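Number of protein chains: 2
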Amino acid sequence: MSKMPIYLPQLLFLAIFLFYSVGKECGATPLKNLESRESSKTCGYQACSKPSQNKLNIHLIPHTHDDVGWLKTVDQYYWGGRPLIAKAGVQYILDSVIHELLEDPNRRFIYVETAYLWKWWSYQSDRVKTDVRRLIDEGRLEIISGAWSMNDEAVTHYQSIIDQFTWGFRRLNDTFGSCARPHVGWQIDPFGHSREQASLFAQMGFDGLFFGRLDYQDKRNRMDKKTAEMIWKGSDSLGNKADLFTSVLFNTYSPPPGFCFDILCADEPIIDDPQSPDYNVDRRVAQLLVFAETQQSFYRTNNIIMTMGDDFNYQSAELWYKNLDKLIRYANERHGSTVNVFYSTPSCYLKAVNEQALSWPTKSDDFFPYASDPHTYWSGYYSSRPTIKFYERMGNNYLQVSKQLSALTNISTSETYLNPYREAMGVLQHHDAITGTEKQQVAQDYARILSEAMKGGEQILSDALGSLISTRNQRRSRDGADVHFYTCYQLNISSCPHTEENNNFVLTLYNPQSRVVSTFVRIPVTGNSYVVRDFTGASIVTQIIPIPPEVLAIPGRESSAINELVFRARNVPAFGYQAYYVTKSNKNIERVRNESFTEATIQNEFFNVSITDDGSTCALRTIRSGVTNMRIAQSFHYYESSQGNNEEFENRSSGAYIFRPKNATPKNLTNVGSHQIYTGPLVQEIHMKINEWISQIVRLYTGENYIEYDWLVGPIPVDDKIGKEIITRYSSNLATGNVFYTDSNGREMLRREKNFRPTWALQLAEPVAGNYYPITAKITIKDRINKLRISVLNDRAQGGTSLNEGQVELMLHRRILNDDAFGVGEALNEIAYGKGLVVRGRHQIVTGTNLDRSSSILMEKQMAWNLLNPPCILVSPAGRRTFEEWRNHHRMQGSGLTKQLPPNVRILTLEPWKDGGLLFRLEHMFEIGEDTRYSHPVEINIKDLFLPFTVTNARETTLGGNQWLNESERLRWVSESNEVHRERENVRVVDTGLIDDANEVINVLLHPMEIRTFLIEISI
Amino acid sequence: MSKMPIYLPQLLFLAIFLFYSVGKECGATPLKNLESRESSKTCGYQACSKPSQNKLNIHLIPHTHDDVGWLKTVDQYYWGGRPLIAKAGVQYILDSVIHELLEDPNRRFIYVETAYLWKWWSYQSDRVKTDVRRLIDEGRLEIISGAWSMNDEAVTHYQSIIDQFTWGFRRLNDTFGSCARPHVGWQIDPFGHSREQASLFAQMGFDGLFFGRLDYQDKRNRMDKKTAEMIWKGSDSLGNKADLFTSVLFNTYSPPPGFCFDILCADEPIIDDPQSPDYNVDRRVAQLLVFAETQQSFYRTNNIIMTMGDDFNYQSAELWYKNLDKLIRYANERHGSTVNVFYSTPSCYLKAVNEQALSWPTKSDDFFPYASDPHTYWSGYYSSRPTIKFYERMGNNYLQVSKQLSALTNISTSETYLNPYREAMGVLQHHDAITGTEKQQVAQDYARILSEAMKGGEQILSDALGSLISTRNQRRSRDGADVHFYTCYQLNISSCPHTEENNNFVLTLYNPQSRVVSTFVRIPVTGNSYVVRDFTGASIVTQIIPIPPEVLAIPGRESSAINELVFRARNVPAFGYQAYYVTKSNKNIERVRNESFTEATIQNEFFNVSITDDGSTCALRTIRSGVTNMRIAQSFHYYESSQGNNEEFENRSSGAYIFRPKNATPKNLTNVGSHQIYTGPLVQEIHMKINEWISQIVRLYTGENYIEYDWLVGPIPVDDKIGKEIITRYSSNLATGNVFYTDSNGREMLRREKNFRPTWALQLAEPVAGNYYPITAKITIKDRINKLRISVLNDRAQGGTSLNEGQVELMLHRRILNDDAFGVGEALNEIAYGKGLVVRGRHQIVTGTNLDRSSSILMEKQMAWNLLNPPCILVSPAGRRTFEEWRNHHRMQGSGLTKQLPPNVRILTLEPWKDGGLLFRLEHMFEIGEDTRYSHPVEINIKDLFLPFTVTNARETTLGGNQWLNESERLRWVSESNEVHRERENVRVVDTGLIDDANEVINVLLHPMEIRTFLIEISI
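Chains A and B supply the protein sequences, listed in that same order.
Read in order, the letters of the first sequence correspond to residues 1 to 1020 in full-length UniProt numbering.
Read in order, the letters of the second sequence correspond to residues 1 to 1020 in full-length UniProt numbering.
Hints were generated in silico from the structure; no laboratory data involved.
Each hint can be trusted.
Simulated pairs of lysine-lysine, DSS-like, Cα-Cα distance not exceeding 27 Å:
no., chain 1, residue 1, chain 2, residue 2
1, A, 87, B, 87
2, B, 787, B, 754
3, A, 119, B, 326
4, A, 326, B, 87
5, A, 326, B, 129
To list a few chain A residues with every Cβ distance to chain B over 12 Å, as calculated:
no., residue
6, 56
7, 189
8, 205
9, 282
10, 311
11, 333
12, 390
13, 541
14, 552
15, 651
16, 709
17, 879
18, 885
19, 941
20, 974
21, 1003
Small disclaimer: the values here were computed from a predicted structure and weren't measured.
C-beta atoms are modelled at their ideal positions from N, C-alpha and C, and glycine is treated no differently.
Given only the sequences and the hints, what does the whole structure look like? Please build it.
Okay, here's the thing in structure tokens:
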């Protein structure tokens, strides 16, 4: 293991933090009090009923599935608003469930979505709060999963998944104490399941995972072979630590047919009055037992789980409980010698299964794509609503920035604004939010929620940066405080009023990555000439690029910018900022520009990009990688959406969930385009107009070893009444066979093979949709022989695949005229400003090899990181202040870290936590075997890692931050196979207890792919 | 007042009752303990919130309207069964309302239908029972109306209305005590309102009546004139005693539009989170107040009532209360200077209105027919489902018999069987039961309920008669006990297995009338010759009449009878029985029979009936009344039902509720019939076949001054896809103008005038349906000049009218192919045995004069009584026992009364009550001015009225038997008009306190139309 060079601290940064104060006044000892409340210990597994040894144990699980927005907004669902859309009000669910639980100590309930629980909690009286705490303490109300929402697993990023679990856990911990700590994952509704989610769950200390949806063939196969319960191996790198017992629910998450007693259902109640002509106890009990026996025949133990609930069930909980009470009573009365029916929870079921000490099959791949019938592949939502998918990523980045800056500065506003922002991002992770499978009015509300939260984030940024740039020490400087830091949220469409309206302004870049970053800055401007000075006063190289007319014409774009000003920001400090002073110049600089001609080329040190433009069509012909014999072409195509009545399999429509192209071969576009080429010292660009509704910029930055594509798609024309789903296709000369690789939630990579599933013999009736996988961050193809590889990185999640040798395709945008009949009840036909939605996004292509010496993996990881957590650009109007005046009163650069971390390590999380402490996560970015240099353990001393403070104490928790790691003890499961896990290198690990300030070091050892989570105490 | 002759007691009856035992053992003093439970006195008006003097008081009335069967059976509604038909479960309503009331002492609820309350009560724990009693004691749960069901007012008979209220009250009293005594009538849903119901309510001690449905023109008129609240004068004869303050609800019984918060509704909840984008407090409160002000502008006081509930609302009561709580809170917070919004009850509203001491308009007619728009007259249900209407009447008669025999004999089985029977009859009174406006499956269940209850009644009859006929005194005789008394429930279709299968049998007639009755007995037999001996052994005159082939062919009739044996039962004792020994004879008696010929006539002392039969048609030409110059023709016709989509007024269909003929003139039938004439010593009959689906017997009994019609209609053909509604029309030469008279619930008569309403200027777009009125028992026309009158009595309720001079028409049967869109969701197309339903019924026509000397009124009343409470015929197989053997071991005659009552008085009720006491009602049968001889007060000594026991104590109660009369104090109201009520003759009235056994007499004075109710103690 090589020692990494220490990054030189920015010395002038030091003084800033002299007045940084850790909240020690109250004598809080956060590391001793993970939970704010001591709970009794009759909860958890201790509260489980003992199953019968020789009977069929039927675990009835009363539950409600409360989507955090879908057909209605979160708020509408909470209050029960818009009842014409759906009669669903979560306030009533929690009210009435609590009442019913109090009626009878045998009754159980589980609750999942902390977003709702927390909102509800805020309205409760002390009496109700006491009742609820007691119910939780006694295990009668059990919190499972416990995240803010039940996140999607395909299009979410692990950074946000971890965040939203952590925040849900935090609320639960603070409010209810350890008895509210979830023991299992409960992903009953998401449309497919990622291996990374399983890995994260394992790291959170979960003992198991339950879910409802998996490929119908897979399910049939697992039922036949009794492999519906398994040990899911979540990570090759993490080994046992990422293993998770996983149980496929028998009936998704619904009750047995005929046994939905909810007010929203229409099944017969139990009528136990023998005088009633509708008396039905005998018949109903018999029906239940027949179902139970059938179910049991597909599982290995004498325990089965019956999910007694459904979407927004239990608004009138009495209906459920009164009838279940009777069902239980009569079933046991009449068949008690063979069955044992009782209220239970998933954890209790898990415990019962675990106690049987069987050995279990394993699984190492994931559960994508999900198909519910031969023609219904749920791979459309990988790309649905591309703008909300991007907005969520933006939201995440600003949240990370807000957290970091709050932790680094301890500004007073962070509490006010950070929590709503955390909550908003939790909401966005919901499996009908970021997925794009919600109704239009709900999508707009998600955007509103995020937008309002981001305003809070903006306030944090402004306050924190104001504090950081202040040059006066004694008190908070007006110099900093009176500087406004404006965010530019529409840079993706080259719009920013603050850079457009001001002639003198300061750009402050905050870098949320724990490494020094050099990046090209592009800002929309109205002029043709600008002078940019860095913090040293040096005027740096700039370039002006016209904004393409297609971008100028984007509906709703309110900008007078016609150009982008480009410069390179070098070495922006890790967790730090760097400012540039920009002045509009009167000098009219001649743009270097080649007008269109038939064959045109741009090139830099690494690539050569040519296009053909014969006057009627404009196509990207060839990209040649300078260092290899690699050729790549790029082209746009579209699939026509299937349009059917959804009544038979063959009549399924493409829709928000479902991708179902009419033909396996996508249509080519009738190109009517043209192109412009712009070259200069920093960047060379081809601006291509493909047709009336697709255009693209292909870009090569000087010195950068990647090609960048800014694609612009829309409004997709549907005058022909045909829905269309637009793809971009990168075609290379790599011999890839049928194999490609896709990321799992932006973290580990999974091998994919066309027309193939690792665990069953696939029958594929949908050759395109059935090969689509979620591409959250990266898709890679590799040449089988020469180790060449191409990776495409995206700025948001998209569906993607490789259908032909050497090809990668990614779906950019979809406009569909039919609903796919999975409940959303609307066609995915996004309209903005009276037209079909226009979407702009970015791909970056990295080429390279897998050979050790020239591995491009680190670069891919850093580029992906840069797409995920790019430096934020903040604009401060400088007014009449000259550069010198500005520099005299404001710090123009500063870092949060004292040293550079090794390239294979990053700080995943830094945020204020409780009682002045911080939550801190370090992550190893490499998988085992991925790279010879980086796929190794690395040790970091975190004591002096941060410039503004010293870590005085660190205690490790599980991934979710809600349990001390050394107190976490997961259930043990035995694998059927005799496989031997790669054992981790055995090294000392800092994990528990207080370490006093006298210690010189607090070393944290990280193994490949490891994330370690600490609550830390600090002193300045 | 003339003294009536005393009926000679049947001396041999005396001994029977030696062992009659009154339940005195427990020292019960029933007359002191009307309620089994002492209640606190914070209930009732004491519990009302004080309204504000100078604000608009908005009384929010949380309520649920729980139909005792309609779309679902009573049982299905209770349990929530058949949720696909309607998601309605009363068990959940009561459960959840009780919970919500306990949550907040400000909340109120009213409950109405004791059928459900009682069923629910039987399942409750002691804890819940204690809670409910407390809620009632504190007025938070208020019982209003309180009958077993919310009875219909058009087609019900007052005997059954009183019974079902009395039984509801009894359960309430026994269970909850005086705080559960209803103060107001709540008839929110019935489709029109009878004056008799108002009169009965007043006599029950009610202070007011609320209802929802009245003619749309009437409502508009009343709103315009602010006369929607009035003093309804329920009876000309009873004066103030029958006055009832009546309030027309503003919005039927629904909440203001937009304010239905129920789980079954889809209105917006109150969202009071200012952060919510759907925050709506300001808007919602404003909406409510706008509605409230509009409503207030139509009423006279500063109090308005808002009915916050609807059909089967409050299954999840929390939704209602949580939102109403907020509405109240915010409305008062923000507009408290002008409005006062609060939970209230109808009684509290009534009290607030009463305290204003205004004077009120009066009304003396009724609210029939009900029209909801110009083409929608709810006069179809007066005739819908004629068989259930008849079955209910049969049920009532057997119930009265069961009660009387239980009271007279004190058999042990009565408790077991009487209560379910009382309950069943209560259910049948419901406004979607006897009305025929329920779904088919529900109609069948009503029949099942009644049929099972009647089996219990049969057991009572058998046990009681067994006890009565026993000749051994020391112990219950096996002679009586081993005699089976079979009822013949299908005599109306000439079917009775017991008379058909036995060669020797005894017929026992029990006479439930409190007068001696002579009646013609008709029993179905298989033979041609029978010998009938009365209790003296005398063989009496008989006649054999063939059963018409149309009756033999009735689908489902399982009988081998081909003839009816007719004889006259003379002087069957009042409340007594008389037996006849019948022997099948081998003698083949030649039937007196005239074969058909063109003009045929039958006649008796009073009438001459001729028909024309020309071989292709058979029509009833002329009836001549012997004593007058009166001529009557009878004919059948039918209306074609309107068939529309119900979307516009003009497109309303005829249906279960609505009568809407396509044309104002009914269609004539194409007669294809024939006739037979049968004459003999007892009866002369014309058997007429009108066409393939209508036939009729016209009958004159020797010595009887009426004409009897047994009509048989069905299956109504609908092959032409046209619904048909069949009428019979009696056309006379009387000069009646536009005026006719119809009974109100079988009691007082109301004047009707074609195309006219007494209280507003009628606009009539439906000339037929808008002139239809409910004929529960009698319709009368009178000649304007010569005082001649014709009354038609029916055996069940029917719609009827007089559209032309001298005519009466009655609707017999309806078969309709469309729904009328008022919720039942089925066409009224009754199918039995695979064919359209066949119905048989009876009319009796009485002719006479209004002249004092020859008044036919007494006879009409007695005949109506005989149709309502005819002697029951019970069959006991005699086996090999000869008449002498039978007579030696069994009493063949007995009376319950010691004396004959005056002809203008009858015993309305005699039934076992509590602690060995009896409930007893005496009724004056005449209205003031109706008859010079009988319309006068009459006094009865009840002490020695009954043969089996002496009345030792009598204390008068209100009509419903739930409050001592002298403790009843109704609210006082002032009429606007200065009218002076006819004051009752001032006489001593026995009403209160114990009267010791030494008293010789207990005199009860009855004024015209008065009903007096007593709880009596007896000794044998």
